[in-house]
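Peer 1: Chain residues, written in single-letter form:
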Amino acid sequence: MLIRKGAEANLYLEDWHGRRVIMKRRLSKKYRVPKLDKEIRFRRTIHESQHIHKAKEAGVPTPTIFMVDTAETTIVMEFIEGKQVKLILDDLPPEQRQQLCRHIGELIGRLHNHGVIHSDLTTSNMILTPEGRVVFVDFGLSERSVELEARGVDLHLMKRVFQSTHFRYAGECFDAVIEGYARVVGGSVSGEVLEKIGEIERRGRYVSGR
Amino acid sequence: MLKRCSVASHCLGIESTADDFSVGILSFEGKVLANVISAYVPEKGGIHPREAARHHAEVAGKVLAEAFQRAGVKPQEIDVVAFSQGPGLGPCLRTGATAARALASYLGVPLVGVNHCVAHIEIGKLVAGAVDPVTLYVSGGNTIVSAFEAGRYRVFGETLDIAVGNCLDVFAREAGLHGREGMPLGAMVEQLASRGQTLIPLPYTVKGMDLSFSGFLTAAVQLLRKGKHSLEDLCFSLQEVAFSMLTEVTERALAHTEKSEVLLTGGVAANKRLQSMLESVAEEHNARFCVVPKQYALDNGAMIAWTGILAYQHHVTLPLEKSFVKLKWRLDEVPVLWVGG
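As given, the protein sequences belong to chains Z and C, one line each in that order.
Take the first sequence: its letters are residues -15 to 194, numbered as in my numbering.
Take the second sequence: its letters are residues 266 to 606, numbered as in my numbering.
The set of hints was computed from the structure by calculation and includes no laboratory data.
Some hints here could point you the wrong way.
Below, in silico cross-link-like pairs of lysine-lysine (BS3-like), each with a Cα-Cα straight-line distance of 27 Å or less [said to hold, decoys possible]: (1) Z:143 to C:593; (2) C:296 to C:309; (3) C:339 to Z:22; (4) C:587 to C:559; (5) C:493 to Z:22.
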């Protein structure tokens, strides 16, 4: 059963050898030329499964992977029960919202400490389980890097998501993320990353302060 | 003989953010009566802001006169003067602003400052019939994926460095191509690309809904200088990779916002390959694909006039003494009072 049609993959909720699983299929995109299409789907299927595993090593909850089929560019993984953070964040009491954001910041810090850049840190890609765990999903755009630039771009995206999707609380949410992040990576690293984010913003178009 | 209805209201819009100086005249009902564009074409290299501004100052009188003539409207029948207040190149913006201030004070009518990016979306909605679209706005200065959410056109994705049109132009100039009036560099790249066949690997840089073209451009220029590939294949690869990136982020915004329309606008919107890619994605999400016709997708005065009307009808006017241009006025800073929801 198709449950989500994303930009680069379709998610199906299926019964697979008696388990409820998510089948993530990277379907061919008609708009891309075949060579580019194949390369992107293949690369992302491999990267996603590798980085989901790496994230676990870092202590960041991710779905368990049951099967990777590179020929069909399909990953079969655990179905995570819960709600997308995107859907609940704005309605939480302020205390809880900040706490959740701090926790998200901690998880991002763990990823970065472990050399994983998520590259699509949106609140749609974080699932809050009924037990209160936050599970990161969708590592299709992830890459390995310990560079400040990559970390900065990663968190800059998070900031942008707050500004476009959670604009009422954008400032406080991002501050809380950075607070949690700093707890894990340390104040000096987080300071450097923050500075980098400023630099990335100034590189963009039409930014005051440049 | 029929007499012009005396209650009919008109807005004159002046656009001058970059290389085009343009004047549009619209009736308040949204009928475009004139849309005259004069482009500054540099002899070599990109836009020199001072030279472009000099061009604007030179042609301003002529373009205004032609707009009045085409519209069949007398200056006294203009009720509002709108101008693009930003974002853009300082000298160019100031030239347009000066003309707008002079005209508004001479006629004794209110002045409206319009955000150039908002205007691109609004004219797209007017002429292409979109209501609440995800907009991909691609030009020499901008690469933005935007959609309306709670009072503003939110920026869901944008370039982290240079605009895609800029990237194509710089590559074309590096390849020794020269743009001319009626045949911009982008169109030349498109022509060459249509004869290319082999995809040469280029960096594909998508960060969520944001994109980057600077490393992509450097890699393409390096390949060009090596001289191993035909220009046709390079242009083909440039378009395929860059446009796939644009299409992917637009699709991501579409999936994220669950809107049911895709609007393509800006100078690069004229590219048929980009149009077909976006159309394919829109179709896959059961969304309607709308592309803005060229004369309204390029920088133009009509879009400024139309957005001026929308703002004026919501009592947004600009006192002369506060009509400074805003070089870095972001799309998502503008309260969009005329869209409900």
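Peer 1: For each hint, tell me whether it holds in the structure or not.
Peer 2: Hints and how they fare:
1. Taking the CA atoms of residue 143 of chain Z and residue 593 of chain C, the gap is about 20 Å. The hint holds against a cut of 27 Å.
2. A C-alpha spacing of about 37 Å is found between residue 296 of chain C and residue 309 of chain C, which places the hinted pair above 27 Å, so the restraint is violated.
3. The suggested pairing of residue 339 of chain C with residue 22 of chain Z is violated, with an alpha-carbon distance near 60 Å, which exceeds 27 Å.
4. Restraint check for residue 587 of chain C and residue 559 of chain C: not satisfied, since their Cα atoms lie roughly 33 Å apart, outside the 27 Å limit.
5. Simply put, residue 493 of chain C and residue 22 of chain Z have alpha-carbon atoms about 24 Å apart, close enough for the 27 Å limit, and the pair holds.
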